[in-house]
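**Student:** Chain by chain, the residues:
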Amino acid sequence: MTNKLDIETRVDRSLQTQLKAPRLDGRFDSAVWERIAAQEQRPTNPVQERSMSSAARWLFVVNIIGVAVTALLVVIFGLHSFTDASVNLNLPTPEVSAATGDQILKIAAQAITLVSVIFGLLFTPLGRRLRAELT
Amino acid sequence: MNSGPGTPIPTPTLAMERDADLLAALSRGDRHAVLEGLMQRYRQKVMHLALSIVRNPALAEDLSQTVFVKVWQALPKFDGRAAISTWLYTITRNTCLTAVERERRVVPLEDFQEAADDDGDPMVFGRAQAGAETAGQAAAEYDVTKLLEQLPEPYRRVVVLFYLEDRSCEEVGELLSMPTGTVKALLHRGRKKLAALAGETEMQS
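Heads up: the sequence lines are chains A and B, in that order.
Just remember that my numbering sits 19 ahead of the position in the first sequence, which is counted from 1.
Just remember that my numbering sits 19 ahead of the position in the second sequence, which is counted from 1.
There's no promise every hint is true.
[Stated by the list, open to error] Pairs of lysine-lysine, DSS-like flavour, derived with a Cα cap of 30 Å:
(1) B:K203 <-> B:K165
(2) A:K39 <-> B:K89
(3) B:K211 <-> A:K39
(4) B:K96 <-> A:K39
(5) A:K23 <-> B:K89
[What the hints assert, rightly or not] Taking beta-carbon pairs under 7 Å as the criterion, some of the chain B residues facing chain A (in silico):
(6) M58
(7) Q63
(8) M66
(9) L70
(10) W106
(11) E160
(12) Y182
(13) K212
(14) A214
(15) A217
(16) G218
(17) T220
Honestly, the hints are just simulated from the structure, not real lab data.
Ideal Cβ positions, reconstructed from N, Cα and C, are used throughout, including at glycine.
Produce the complete structure using the sequences and hints provided.
**Tutor:** Below is the structure:
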């Protein structure tokens, strides 16, 4: 039976002779410089940039509306709670029959769904490309 | 280099002193010279470190190139608090570990052989690499690729780097950001495990 020390010596020798890495030279450096040059020359994607900025614009507008509505509600309920000043919110409501109401709701729901789907499609890759070409 | 007025001046280490010229070039804004210097000094070490992690020569070389491209992009942000070599090795480890994680790359032994053959490189981690050996020597040696396949991390990484780095525990410690004592301990246990595995292989055959 081969003794332990002999095995260890042979393992050590095997590791010494077999563990080798390829030597890197100037060709490696050239390849790195080429990759850097290719990366720096790569044009930025104008479609993506435009869609990013338009998305940011949308977000900004929605945020502004949200902040304005919140501020308005705070002012109205603040006035109601802490002062005697009453805010008259009795707005005239149009007289609509139940059948007409249902019809309006149905049309409104369909319109909202359609707008939502179109809005969603605008942010798909195809939609972005279309918007970029149209604008 | 971004060292503002409030930034404490780092204590220069040996590695920092070694690369003082590169830091000077960096402070002059000569990014080109810095990368040239880094590649000349560290490309082989980066390759060794990458190879110890991914164990595929072609992939290791590709990742080493990626490392230097990343370094080029990140150089303006290097603050000089750590040695530039430490920073470079950290980028290398992260790049390779991310690649391994992403691809969950398991390299079968056949692929290992093919990768080396495709590049025309000498076979890495294999018996065929030692071309000058006699038949008797070849018979007395183990196939380290097979043995290393069975060795768990972190022993494998330390063992591989130790032999690639001309048996220097200090170099391995620097590459893996480990104290030399830890490297020695892992190396000792790793070799014992390899010997045990080799013994088992002999018993089976």
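**Student:** Measure nothing beyond the straight line between the CA atoms of K96 of chain B and K39 of chain A; if it is 30 Å or shorter, mark the hint as holding.
**Tutor:** violated, 35 Å
**Student:** Hold the hint about G218 of chain B up to the distance rule: shortest CB distance to chain A must be less than 7 Å.
**Tutor:** holds, 5 Å
**Student:** Against chain A, is A217 of chain B within 7 Å by beta-carbon distance?
**Tutor:** With a minimum Cβ separation of about 5 Å from chain A (threshold 7 Å), the hint on A217 of chain B holds.
**Student:** A closest beta-carbon separation below 7 Å is what the hint needs, so does Y182 of chain B meet it against chain A?
**Tutor:** Holds: closest Cβ of chain A sits about 4 Å from Y182 of chain B, inside 7 Å.
**Student:** Checking one constraint from the list: CA of K23 of chain A to CA of K89 of chain B, max 30 Å. Satisfied?
**Tutor:** violated, 46 Å
**Student:** Is K39 of chain A close enough to K89 of chain B, meaning Cα to Cα at most 30 Å?
**Tutor:** Given pair K39 of chain A, K89 of chain B holds - Cα atoms ~26 Å apart, limit 30 Å.
**Student:** Using 7 Å as the Cβ threshold, decide whether W106 of chain B counts as touching chain A.
**Tutor:** violated, 17 Å
**Student:** K203 of chain B and K165 of chain B: Cα distance at most 30 Å?
**Tutor:** holds, 23 Å
**Student:** Minimum Cβ distance from E160 of chain B to chain A below 7 Å?
**Tutor:** holds, 4 Å
**Student:** Does the CB of K212 of chain B sit less than 7 Å away from some CB of chain A?
**Tutor:** violated, 10 Å
**Student:** Would the hint on T220 of chain B stand, with a C-beta cut-off of 7 Å toward chain A?
**Tutor:** Violated. Min distance 10 Å.
**Student:** Under 7 Å, Cβ to Cβ, is where A214 of chain B needs to be relative to chain A, so tell me if that hint holds or is violated.
**Tutor:** It holds, given that the least Cβ distance between A214 of chain B and chain A is near 4 Å, below 7 Å.
Of the numbered hints stated above, those contradicted by the structure are hints 4, 5, 10, 13 and 17, listed in ascending order.
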